[in-house]
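Assemble the whole structure, with the sequences as input and the hints as a guide.
Taken in sequence, the protein lines are chains A and B. Taking our numbering, the leading residue of the first sequence gets 128, the next gets one more, and so forth. Taking our numbering, the leading residue of the second sequence gets 128, the next gets one more, and so forth.
Just so you know, not all the hints are guaranteed correct.
Copies of one chain are not kept apart here, so a pair can be met inside one copy or by any two copies together.
To be verified - Calculated lysine-lysine pairs in the DSS-like style (CA-CA distance at most 27 Å, straight line):
#, residue 1, residue 2
1, K237, K312
2, K312, K283
3, K402, K388
4, K283, K261
5, K313, K388
6, K406, K430
7, K261, K213
8, K313, K283
9, K430, K402
10, K402, K313
Simulated from the structure, these hints should not be mistaken for laboratory data.
2 protein chains.
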Amino acid sequence: MLKIDMHTHIIPKHLPNWTERFGYGNFIDLVHRQDGKADMMQGGKFFRTIDENCWDEKVRMQEYDDFSTQVQVVCTIPVLFSYWAKAKDTLALSEFLNDHIADLVQRYPKHYIGLGTVPMQDPALAVQELERIKKIGLVGIQIGSNINDENLSEQKFFPIFEACERLGLAIMIHPWQMMGFDQMKKYWLPWLVGMPAETSRAACSLIFGGVLERLPNLRVCLSHAGGSFLPTLGRIEHGFNCRPDLVAIDNPTNPREYVGKFWVDCITHDIDLLKYILKLQGSERVCLGTDYPFPLGDLEIGKFIEESDLSLSVIEDIFCNATLAWLNIDKQLFLDELN
Amino acid sequence: MLKIDMHTHIIPKHLPNWTERFGYGNFIDLVHRQDGKADMMQGGKFFRTIDENCWDEKVRMQEYDDFSTQVQVVCTIPVLFSYWAKAKDTLALSEFLNDHIADLVQRYPKHYIGLGTVPMQDPALAVQELERIKKIGLVGIQIGSNINDENLSEQKFFPIFEACERLGLAIMIHPWQMMGFDQMKKYWLPWLVGMPAETSRAACSLIFGGVLERLPNLRVCLSHAGGSFLPTLGRIEHGFNCRPDLVAIDNPTNPREYVGKFWVDCITHDIDLLKYILKLQGSERVCLGTDYPFPLGDLEIGKFIEESDLSLSVIEDIFCNATLAWLNIDKQLFLDELN
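Structure follows, in structure tokens:
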């Protein structure tokens with residue numbers, strides 16, 4: 128069976144020293160160590176240690192082969208979005224990252240599919256880079272759940288979504304810059320509590336702000352099975368119904384109407400929650416995703432699904448059909464490789 | 128069938144002018160209007176309009192009778208917690224609110240059960256008021272999901288939990304002062320996105336901070352079916368397993384071990400999510416709750432459960448047995464009334 132993991136992160140092995148080049152800020156830098164790992168530094172401050180599977184395309188393919196997975200959809204690591212920087216600098220950084228992924232995809236078209244990043248803080252520049260992204264062979268973009276703490280419902284971002292629909296580029300929403308970060312320092316809570324809330328914040332913003340209503344052909348996928356959005360849909364819908372004066376101010380359509388019109392990945396680490404999600408979304412709107420190569424990801428690449436009692440056709444939808452539909456890619460391209 | 132709604136809010140019809148009496152701050156005041164409603168003011172600024180069912184015990188009983196519900200567990204409205212104030216002033220305010228509820232319970236012992244509030248910001252004063260709460264006939268307290276943005280895992284709060292266990296007082300955790308509030312002004316998102324996250328924050332703090340481990344007889348109930356906690360349990364457990372250096376630093380026990388040891392209410396507005404919750408918690412740990420009389424609540428008092436295909440014994444657990452166990456109250460007290 129064709130397996131495509133649509134939620135994986137990659138970084139070039141070597142990054143320019145952006146902080147030095149631009150002369151300000153806390154851009155991400157990589158310091159490679161003797162033991163083969165690298166320390167991600169944020170303006171000189173330690174952020175996280177990463178392994179070679181974060182940048183080495185061959186190591187990655189080998190690790191995927193261990194789980195019979197042929198294709199990886201790659202995108203950058205959210206901390207590299209750099210929406211906080213001067214827009215022209217974020218553009219330069221985005222171009223660098225996008226070119227890196229485009230080159231990878233060109234060299235391994237049967238194994239890698241690419242999503243880009245754009246300077247969301249400057250919609251005009253973002254649209255300019257979207258046009259270029261399309262030309263260099265990427266099929267969509269990954270964006271943050273908020274843009275410098277502004278919500279995706281803000282009118283200023285609409286031209287970006289409009290351009291994605293026009294260009295046929297898919298969008299993956301990834302949680303980042305988590306709400307409550309400074310008040311939840313212990314126990315990794317920004318990742319365990321803040322991230323699911325961020326994805327719900329993004330989903331609610333796209334729905335209540337009317338983005339999905341105005342752009343019915345925009346193909347959006349929410350990380351981590353939609354975070355807390357789908358499990359709290361009853362509450363969200365009830366809020367919409369009981370206080371339309373607060374909730375339905377920009378879009379009169381019930382939020383439940385959009386369920387199954389966007390995509391989510393399957394990163395639940397829990398088969399019962401996945402079944403709840405499948406019942407809402409349908410199997411054609413739930414994609415195999417892992418968050419590889421990070422530890423909070425499903426690094427056995429859907430094993431909990433293979434071991435479940437879900438039918439083969441549902442599993443095949445999750446493992447490839449949903450993602451192919453989200454990205455509007457022909458299955459045949461990969462089947463040749465499989466046989 | 129006995130029906131007890133364990134999650135309802137009440138306020139005295141008349142409040143002292145705390146802001147004037149204490150000479151500072153933005154305490155809650157009530158301004159009664161010609162139309163029978165009242166405006167809740169926060170230090171002179173409009174906060175919310177409430178109806179007479181927020182304070183009138185007889186109107187409340189009548190509205191509950193419409194849904195064949197005999198008993199209401201009442202507690203204050205979180206905005207009245209006033210943890211931000213000087214502790215002695217919060218104590219005075221808490222005493223006033225607790226006395227009001229104690230009086231109500233004394234007059235209608237078959238229809239009202241009471242939970243108090245305490246000055247959480249001063250654990251010694253809080254414990255002092257807990258002792259008094261016990262004496263005046265309340266059976267537990269309601270507390271916020273955070274205390275002035277400090278988490279319930281903070282060691283300073285432990286004596287309060289310890290006193291609750293010792294006194295046999297139950298605890299209800301209610302979300303409030305929601306993370307991300309200032310960044311989510313539109314679409315009621317602090318209530319729809321922030322509140323479920325707050326409850327997960329509180330649950331994670333009680334578990335990872337070792338409170339539930341050290342106090343196995345503490346009876347805790349989480350609002351809104353646990354918010355996003357139970358639906359993201361797979362992620363939370365995976366985080367615990369993959370990064371114990373970040374998550375398991377104060378308690379080595381897997382968070383899943385606590386499922387079914389605390390209680391949650393059933394406010395999901397969605398029968399499928401409720402079934403997911405029931406599978407995890409067991410019906411003896413899922414209580415009928417509504418958030419009455421507020422619009423975001425389940426103001427048909429469990430009708431979606433009565434209309435479901437859940438078995439009568441599961442429904443009876445939800446409607447009364449779970450709450451009686453949480454509050455350690457004898458069912459017989461209410462059965463007399465029922466017959």
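Cross-check of the supplied hints:
no., hint, in the structure
1, K237 / K312, "neither (41 Å within a copy, 45 Å between copies)"
2, K312 / K283, "between (32 Å within a copy, 17 Å between copies)"
3, K402 / K388, "both (18 Å within a copy, 24 Å between copies)"
4, K283 / K261, "within (22 Å within a copy, 55 Å between copies)"
5, K313 / K388, "between (36 Å within a copy, 23 Å between copies)"
6, K406 / K430, "both (20 Å within a copy, 22 Å between copies)"
7, K261 / K213, "within (23 Å within a copy, 59 Å between copies)"
8, K313 / K283, "between (35 Å within a copy, 15 Å between copies)"
9, K430 / K402, "both (15 Å within a copy, 25 Å between copies)"
10, K402 / K313, "neither (31 Å within a copy, 31 Å between copies)"
When each numbered hint is compared with the structure, violations occur for hints 1, 10.
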